[in-house]
Amino acid sequence: MSNDGGEVLPGRTEAGYGDATAPSGGFRKGAFGVTGSGDTSGFGGLVRVEPGGAVALHSTERPYGGYFDEVTDALIEAVGQATYDAAVQRVLVDRGEITYFVAREHLLTLVHALRDDDALRFELCSSVSGVDYLDSGGPAVTPGRPRLHVVLHLTSMTYRRRVRLEVAVTAEDPHVPSVTGIYPTADWHERETFDMFGIVFDGHPALTRILMPDDWDGHPQRKDYPLGGVPVEYHDATIPPPDTRRAYR
Amino acid sequence: MTTTQDPYAGSRETTEGRVYTVTGGDWDVTLGADLQGAERLVVNMGPQHPSTHGVLRLVLDLEGETVTKARVVIGYLHTGIEKNTEYRNWVQGTTFVTRMDYLAPLFNETGYCLAVEKLLGIEAPQRAQTIRVLVLELNRIASHLVALATFGMEMGALTGMTNGFREREMILDLLEEITGLRMNHAYVRPGGLAQDLPEGSVEHIREFLEVMPKRVADFHRLLTGQPIWQARLKDAGYLDVTGCVALGVTGPILRAAGLPWDLRKVEPYLGYGTYDFEVPTADTCDAWGRYLVRMAEVNESLKLIAQALDRLEPGPVMVEDRKIAWPAQLSLGADGMGNSLEHVKNIMGQSMEALIHHFKLVTEGFRVPAGQVYVPIESPRGELGYHVVSDGSTRPWRVHVRDPSFVNLQATAAMSEGGMIADVIAAIASIDPVMGGVDR
Chain A
720 MSNDGGEVLP GRTEAGYGDA TAPSGGFRKG AFGVTGSGDT SGFGGLVRVE PGGAVALHST
780 ERPYGGYFDE VTDALIEAVG QATYDAAVQR VLVDRGEITY FVAREHLLTL VHALRDDDAL
840 RFELCSSVSG VDYLDSGGPA VTPGRPRLHV VLHLTSMTYR RRVRLEVAVT AEDPHVPSVT
900 GIYPTADWHE RETFDMFGIV FDGHPALTRI LMPDDWDGHP QRKDYPLGGV PVEYHDATIP
960 PPDTRRAYR
Chain B
505 MTTTQDPYAG SRETTEGRVY TVTGGDWDVT LGADLQGAER LVVNMGPQHP STHGVLRLVL
565 DLEGETVTKA RVVIGYLHTG IEKNTEYRNW VQGTTFVTRM DYLAPLFNET GYCLAVEKLL
625 GIEAPQRAQT IRVLVLELNR IASHLVALAT FGMEMGALTG MTNGFREREM ILDLLEEITG
685 LRMNHAYVRP GGLAQDLPEG SVEHIREFLE VMPKRVADFH RLLTGQPIWQ ARLKDAGYLD
745 VTGCVALGVT GPILRAAGLP WDLRKVEPYL GYGTYDFEVP TADTCDAWGR YLVRMAEVNE
805 SLKLIAQALD RLEPGPVMVE DRKIAWPAQL SLGADGMGNS LEHVKNIMGQ SMEALIHHFK
865 LVTEGFRVPA GQVYVPIESP RGELGYHVVS DGSTRPWRVH VRDPSFVNLQ ATAAMSEGGM
925 IADVIAAIAS IDPVMGGVDR
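Sequences listed follow chains A and B, in order. 720 is the number of the first residue of the first sequence in the numbering used here; add one for each residue after it. 505 is the number of the first residue of the second sequence in the numbering used here; add one for each residue after it.
Calculated directly from the structure, the hints in this document are not laboratory data. Note that CB positions come from ideal geometry on N, CA and C, so glycine has one too. Some clues are possibly wrong.
[Claimed, not checked] Partner residues are not named here, just some residues of chain A that face chain B (Cβ under 7 Å, in silico):
no., residue
1, Asp-813
2, Glu-842
3, Leu-843
4, Ser-845
5, Val-850
6, Arg-879
7, Pro-903
8, Trp-907
9, Pro-961
[What the hints assert, rightly or not] Label pairs and their in silico Cβ distance ranges:
no., chain 1, residue 1, chain 2, residue 2, range
10, B, Ala-926, A, Asp-835, 36 to 44 Å
11, A, Gln-808, B, Glu-817, 46 to 54 Å
12, A, Gln-800, B, Ala-858, 39 to 47 Å
13, A, Asp-835, B, Gly-922, 22 to 30 Å
14, A, Gly-784, B, His-724, 44 to 52 Å
15, A, Thr-877, B, Asp-814, 32 to 40 Å
16, B, Pro-820, A, Pro-945, 41 to 49 Å
Bound-form chain A, shown alone (with noise of 0.2 Å):
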C-alpha cells in the first residue's frame, strides 16, 4: 500500500478511476476490509483512489458552460482580477454543478460581491454545512492537512442560479471568517458546522453548540471521533464500532 499522505490529495477526472494523467495519490488495493491474504473474492487485484480522492485536484478549464462563465466574469468585475486570482484557488464544475475553492482570507470580500454586485445578486444562503475529508483508510493523520471543509450554496433568485463556495481549512487551526454578517441565516448553519466538525466561524455571535449537549466533548462527525461499540451481554463479547467492522469500501 503506497499513500504519500502529504499536501497533495489524490485527484480524479470525471471520467473514472486510475486515469494515468490525474494528479497522483493514494492507492489502496482490494475492495474488502481484509488487508493481505484472505481474499477470495476475486477483486484483490483492484486498485482504487482512496477516500478523499472526492475532491479532485485538478482545476476545470475555461469556458465552464452554462451561466457559470458569466458569473465568474461577473465575480471578477466585482472583486478585480488581483483579488479573484489571490482568492479564487481553483474552479471545478462538475455534475452540472460550480465550486470556487477560496482561500479564507477573502471569503467574505468574495461573498460580500456574490450577494450585492447586480449581476450576481446571490441573495440567499441556502446552506452551509462541513465535510471532512479525513483519509480513513490510509495511514496516520499528516498534521497541516487541509482536511476539513466548509462548503456554502448560495442561490441567485433573481436569476435563479447556484454556486458553491468551498473553503479548506486544517484540523490543527480551524477558523474561517463567518458569514452572519452577510447572511443572517448563516447563524444555525455555522453553529451546527462548529458543533460537528469544530471549524471555528470567526466573527459569529454566539458560536456555541446547537445540536449536541453544551458540554459535549469532541465533534462528532469528524471522521476520527471514536464510535461506540455494543457489548453483548452474557456473551463475553462486543459488536465493534461501526467504522472498524468488516464491510465493503
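Assemble the complex: chain A is given as a structure, and chain B must be docked to it using the hints.
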C-alpha cells in the same frame, strides 16, 4: 449555593438512602440582582410542551405579556442520522433520511435519491418519476393537514385538529397501500422505486380525489371565516420578504410574504415543469397568509395528483442497469411482505449467478463515482437540500441535509419579539417546524 443544603430540594434519610424532594426552580438566584425591572419574567417553555410543536424549547423574556426576547433551543431530538448514513450503503441511506422530517418522509427519500442519481449520472424511468410526483403530492397534502391540525390545536380550535388528522388518515391509508408503511416508507430508492403501484391503488386515489375537495371546503367553513381564528392569526408572526430571504426562510412562509418562489416552478425536477399548477401566494406576511397559502397548496396538489394519474403509463419503475437496480421484487406472501417467490426460486434453485448477484448487491451495494452534488427540492416546508459527497465507495462519504424546518425556525425571534406571548404560539405554529428534521 452549598451542595449540602438546597432550599429547593429538601432531603430526608430513609432505609433506601437519602431521598430528595425537589420543589421548584430558583429564578432569584439565576437572575441575580436584576429585579428592579420588576415586570421582567423569564419563561422557559418546552421542550415538553403541547404548544411548541414537538421537543422545541423556548426561553422567553417577558415584560408583562410582551415578549422582549425569544431564544430557541433545539437539539432534543438529535439522532445523528447524517453520521449514520456514512456507515451504511447507498440504498440503506433511504431508510435513514426518511426518518428526519417524519411528516414529509417521501420528500426526504426523493431528495436523497435524486442526489445519488445525480452522482451516478442516471435518471429514473418515466413511470417512476410520475409515481414519485404522485406520492410526493399526496405526502404534501398529508403534511399540510398536520400543519393545519396542530395549528388548530395550538390556537384552541380543537375540531380543526380532529378534522385535520381524520383527513390525513385517508392519505396515510393510501400511502400504506402503495408503500406498505404509513410513515418512514423507504419507497423511493436510488434509480427508481421499491415497487410498482399495487392493483387497485389508482382507483383508491381517484376516490380520494373525489372526497378531498369537499373536506377542504369544510376546513374553510370551519376555520377561515371564523372571527376568533382570524383574530388569532392576522398580524401574528409578521415577516416580510426581506426578512425571509435574509433569514433563509423558504416555503409557505416566503410565499405568504408575496414571493412566488417554489422550486417546482423555478428549478423543475421530476418533470414538474410539464404539469399545470399554480404557486399560491399571499401578501399579508403573517400567520394568516401562511394558513391560506397552505390551504391553497392542498388544492394545487390535488390538481397535480390528478394529472400524474392521467400520465401513468405502463413501464419499469427501476433503472435497467442490473448493477444498481435492486435484484428482487417484493411481494406479499402468507408470512408477510418479502422477496417474491419466483425470485427466491430462481436464486435458490436455478441460477448460481443470480444468487451471487443478489448477495453482492444486497450486502456490498453499488459504487458511486466520487464527487459532490447539492440537490434542492420543494418540501412542504421549503427548500430541502441534499449535499451528498461520495469518495467512490459503496457508502456515502457525507450526507448533509439542509432541512427547511431547521432554517425557518431561526425566524422565531424576528417573528415574535415585541409581540404578545400568545402570538409566539401562532408564529411557531405558522412556521410548522418538524423537530425530527430540525435536529436530525
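Now the hints, each set against the structure:
Interface hint at Asp-813 of chain A: satisfied, since its Cβ lies 5 Å from the closest Cβ of chain B, which is below the 7 Å cut-off. Taking 7 Å as the C-beta contact cut-off toward chain B, the hint placing Glu-842 of chain A at the interface holds, the least distance being around 5 Å. Interface hint at Leu-843 of chain A: satisfied, since its Cβ lies 6 Å from the closest Cβ of chain B, which is below the 7 Å cut-off. The interface hint given for Ser-845 of chain A holds, since its Cβ lies 6 Å from the closest Cβ of chain B, which is under the 7 Å cut-off.
A cut of 7 Å between beta carbons decides the hint on Val-850 of chain A: the least distance to chain B is about 5 Å, and the hint holds. Evaluation of the Arg-879 of chain A hint against chain B yields a held restraint, the C-beta minimum of about 5 Å falling below 7 Å. At a threshold of 7 Å, the smallest CB-CB gap from Pro-903 of chain A to chain B is about 5 Å, leaving the interface hint in force. The beta carbon of Trp-907 of chain A comes within 5 Å of a beta carbon in chain B, closer than 7 Å, and the hint placing it at the interface holds.
For Pro-961 of chain A, the suggested interface contact is upheld, since its CB lies about 4 Å from the closest CB of chain B, less than 7 Å. In this structure the supplied range 36 to 44 Å holds for Ala-926 of chain B paired with Asp-835 of chain A, their Cβ-Cβ distance being about 39 Å. For the pair Gln-808 of chain A and Glu-817 of chain B, the supplied restraint of 46 to 54 Å holds, since their beta-carbon distance comes to about 49 Å. At roughly 60 Å, the beta carbons of Gln-800 of chain A and Ala-858 of chain B sit outside the given window of 39 to 47 Å.
For Asp-835 of chain A and Gly-922 of chain B, the Cβ-Cβ distance of about 29 Å falls inside the hinted range of 22 to 30 Å, so the restraint holds. Checked against the hint of 44 to 52 Å, the pair Gly-784 of chain A and His-724 of chain B passes, with Cβ atoms roughly 49 Å apart. About 35 Å separates the C-beta atoms of Thr-877 of chain A and Asp-814 of chain B, a value consistent with the hinted range of 32 to 40 Å. Look at Pro-820 of chain B against Pro-945 of chain A: about 44 Å separates their beta carbons, and that is inside 41 to 49 Å.
In terms of the numbered hints stated before, the structure departs from hint 12 and from no other.
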